[in-house]
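Novice: What follows is the residue order along each chain.
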Amino acid sequence: MKMTPIQQELQKMGSRISVILLVIGVLLLGFDLWVHRHGETDLEDLLFFPALYGFAAFVMIVIVGIGLRKIVMRGEDYYDD
Amino acid sequence: MTDLTPGLLMILAAGAVPYLSHHVRQVFMLLAIAVSAISLTAGAGVHWVVPVFGQELILHHADNLTLPFGIIFHLAAALNVVYGWHEKRAMEHTAGLAYAGAAIAAVHAGDLITLFIWWEATAVTSVFLILASGTERANKAAMRYLLVQVASGVMLLAGAAFYWRETGAWAFSAMELGSLGTWLIFLAFGIKAAFPFLNGWLQDAYPEATVIGTVMLSAFTTKLAVYAFARGFAGTDYLIWIGATMTAFPVFFAVIENDLRRVLSYSLNNQLGFMIVAIGIGSELAINGAVAHAFAHIIYKALLFMSMGAVLHRVGTAKASELGGLYKSMPYTMVFCIIGAMSISAFPLFSGFVAKAVIMSALGYEGFVVIYMILLAASAGVLEHSGIKIPYFTFFGHDGGHKVKEAPVNMLIAMGIASALCIGIGVLPGVYYQILPYAMDYQPYDGSHVVGQLELLVFAMLAFVVLMRFGFYPPEIRSTVLNSDWFYRRLAPWVLKPIFSFGFAFVRALEAAVIDLTKAIFRLTRQASDHPISGPVIPGPAAIVQVLLLGMVLVVVYAALG
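Just so you know, the protein sequences line up as chains H and F, in that order.
Residues in the first sequence are numbered consecutively from 1, following the numbering used here.
Residues in the second sequence are numbered consecutively from 1, following the numbering used here.
It should be emphasised that the hints constitute simulated quantities derived from the structure, not laboratory data.
C-beta: ideal position from N, C-alpha, C; glycine also.
One thing to keep in mind: the hints can contain errors.
[To be verified] Which bits of chain F does chain H cover? Going by a derived footprint, with three or more residues having C-beta under 8 Å, they are:
no., region
1, 8 to 18
2, 121 to 130
[What the hints assert, rightly or not] Each pair of labels, with its calculated beta carbon distance range:
no., chain 1, residue 1, chain 2, residue 2, range
3, H, Gly75, F, Ser501, 21 to 29 Å
4, H, Gln7, F, Tyr438, 49 to 57 Å
5, F, Ala174, H, Trp34, 53 to 61 Å
[Claimed, not checked] In silico SDA-like cross-links for lysine to any residue, where the CA-CA straight-line distance does not exceed 20 Å:
no., chain 1, residue 1, chain 2, residue 2
6, F, Lys328, H, Val23
7, F, Lys319, H, Glu76
8, F, Lys319, H, Met73
9, F, Lys403, H, Gln7
10, F, Lys403, H, Thr4
11, F, Lys405, H, Ile6
12, H, Lys70, F, Leu482
13, H, Lys12, H, Gly30
14, H, Lys70, F, Lys403
15, F, Lys328, H, Met13
16, H, Lys2, F, Gly401
17, F, Lys319, H, Lys2
Take the sequences, apply the hints, and build the full model.
Specialist: Shown next as structure tokens:
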């Protein structure tokens with residue numbers, strides 16, 4: 001299948017943003033080692049806690065969402081009599 | 001002049017709106033909002049009392065809690081006028097101005113009866129924003145919306161009546177949950193605040209309103225409820241868990257919802273959760289957090305709804321499955337949408353960050369670790385649906401093949417102002433914190449906060465990248481996602497229909513029996529008069545004779561017994 005110019009551009013953009021995010025992520029982990037973070041709770045003070053928690057929470061939310069589809073998803077015209 | 005209830009002038013002005021020509025009308029509405037806002041300068045105190053039936057209605061009461069809501073409601077109303085400037089029909093403008101005015105007047109109600117009046121006024125004015133869509137689907141949604149809103153109002157009135165009997169007063173001030181009256185009031189507020197299982201109306205109705213109608217709706221009703229909780233039930237423990245549930249569960253629905261304006265309605269629900277948690281904590285810092293969050297949220301939520309409205313206006317749909325690749329044709333809308341997305345996701349230097357930080361600190365200080373962690377996870381959820389899903393599937397994702405024009409200039413101006421406010425609040429939190437109810441010395445920007453928050457957000461975004469790359473992220477599907485409105489749209493009819501049809505069948509059978517009996521009596525009477533037991537055969541005199549005979553018997557018996 002041939003891609004439209006917009007699709008090609010989107011793909012390039014996606015790769016670039018992924019790399020940029022990865023670089024920022026690594027930099028932030030570096031900061032975490034350097035700055036002695038103190039959060040509102042003791043748990044938060046653990047090394048890399050926000051990074052791990054953010055990643056895990058995001059994945060959990062998406063997985064639960066996929067599971068929820070099986071229970072609550074209906075056809076688009078479900079309520080149309 | 002300043003004694004007049006803020007908002008009242010807007011309601012009165014709304015009456016003239018349909019009779020003015022297009023541009024004159026828009027300018028007139030901005031003027032009405034500006035003049036109404038003058039009343040906000042009246043300062044703390046009771047400014048207008050009207051005696052009714054030996055009681056006093058406090059129509060204008062102001063203090064440090066009403067002021068921030070008064071300011072943001074006026075601001076939102078003005079932004080709506082600019083955003084809807086292109087719309088020539090008067091219906092939404094009339095309803096929108098009256099609706100905003102009613103919400104503002106409600107905030108300044110000093111007693112429960114005045115609150116009830118404006119509470120209902122917000123319902124009956126705002127329903128026209130949904131009706132204005134003009135579709136069968138919207139009409140039905142509007143009626144369901146109105147039923148729920150009026151139910152909330154009736155509960156409030158009943159609650160106020162019981163509360164008056166319990167305490168002998170109906171001033172609207174801090175209440176202690178426990179009596180029937182206070183529970184009814186609590187539930188009435190809870191419906192409008194879209195509590196878990198009472199939330200169906202929000203996701204049902206908001207996305208069915210018109211392009212500008214949804215933006216108007218997003219600002220007032222639910223935040224009026226937040227204000228009402230802050231005044232009436234600050235420090236009520238139940239609110240902490242109710243609020244935490246509200247932050248969490250809409251997040252999962254938002255992942256799988258296809259209509260992006262409905263995704264934003266789930267997101268709205270989740271945001272309300274943060275405010276409700278803070279009100280439940282009830283400390284000065286927490287109430288400041290709730291108000292700060294409500295204020296910032298009204299702006300960035302309106303901004304997000306505006307951007308999706310602009311897309312709907314141009315493309316004709318706001319469904320994720322149909323959209324994509326609009327960054328080329330609607331670049332300004334895309335930038336404004338991303339500013340809204342970054343604000344709601346609480347990126348540092350955006351309004352959501354400086355507002356949410358106050359709530360999170362209040363939670364931390366009070367030692368609510370579990371709730372804190374739920375809210376932190378919910379923050380990743382906010383990033384998922386409002387931060388990523390909304391802009392990604394609209395402007396990027398794949399090429400939806402839509403060749404459209406950029407949004408109308410008035411929409412861009414409104415979105416531009418909202419974006420500037422989002423950034424302004426984020427950059428100058430010190431100025432922003434001054435409008436909050438309590439004075440505080442709070443610094444959101446320190447190394448720990450900023451690094452921690454960025455870590456959370458960036459790694460959540462990386463999770464999205466990973467899920468997309470490996471094909472785990474669920475595709476957008478045209479579908480209906482069942483929500484708590486299912487209970488009254490499907491379950492209740494399913495259970496009640498057989499009961500009602502049995503009841504109706506029984507009543508019909510009873511009716512038929514009565515009719516048969518009546519007919520039989522008539523038939524027998526006629527037969528008796530046609531064929532009398534004794535006397536002549538001619539019907540007329542025969543009947544008279546019988547009546548006379550019976551009459552005599554009656555008199556004799558009466559005399560004998562008497």
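Novice: Now tell me if each hint is right for this structure.
Specialist: Okay, the hints, checked on the actual structure:
With 0 residues having a Cβ less than 8 Å from any Cβ of chain H, the region 8 to 18 of chain F misses the three-residue criterion, and the hint is violated. Only residues whose C-beta sits within less than 8 Å of a C-beta in chain H count toward coverage, and the region 121 to 130 of chain F has 0 of them, not enough to reach three; the restraint is violated. About 27 Å separates the C-beta atoms of H/Gly75 and F/Ser501, a value consistent with the hinted range of 21 to 29 Å. In this structure the hint that H/Gln7 and F/Tyr438 lie 49 to 57 Å apart at CB holds, the actual value being about 53 Å.
Separated by about 46 Å at the C-beta atoms, F/Ala174 and H/Trp34 break the suggested range of 53 to 61 Å. Distance hint between F/Lys328 and H/Val23 is unfulfilled; the C-alpha atoms sit about 27 Å from each other, more than 20 Å. Using a Cα cut-off of 20 Å, the hinted pair F/Lys319 and H/Glu76 holds, with the two alpha carbons roughly 12 Å apart. As the CA atoms of F/Lys319 and H/Met73 are separated by approximately 15 Å, the hinted pair is consistent with the 20 Å bound.
A C-alpha spacing of about 14 Å is found between F/Lys403 and H/Gln7, which places the hinted pair at or below 20 Å, so the restraint holds. Proximity of F/Lys403 to H/Thr4 is assessed by CA-CA distance (about 13 Å); at most 20 Å being required, the pair is judged to hold. Taking the CA atoms of F/Lys405 and H/Ile6, the gap is about 16 Å. The hint holds against a cut of 20 Å. The straight-line distance between the Cα atoms of H/Lys70 and F/Leu482 is roughly 11 Å, inside the 20 Å bound, and the hint therefore holds.
The hinted pair formed by H/Lys12 and H/Gly30 fails the criterion: a straight-line CA distance of about 27 Å is larger than 20 Å. In summary, the hint linking H/Lys70 to F/Lys403 is not supported, as the alpha carbons are separated by about 35 Å, beyond the 20 Å threshold. In summary, the hint linking F/Lys328 to H/Met13 is supported, as the alpha carbons are separated by about 13 Å, within the 20 Å threshold. At most 20 Å may separate the alpha-carbon atoms for a hinted pair to count; H/Lys2 and F/Gly401 meet this at roughly 14 Å.
Between the alpha carbons of F/Lys319 and H/Lys2 the distance comes to roughly 25 Å, so the proposed pair goes past 20 Å and is violated.
Hints 1, 2, 5, 6, 13, 14, 17, counting from the list given before, are not met by this structure.
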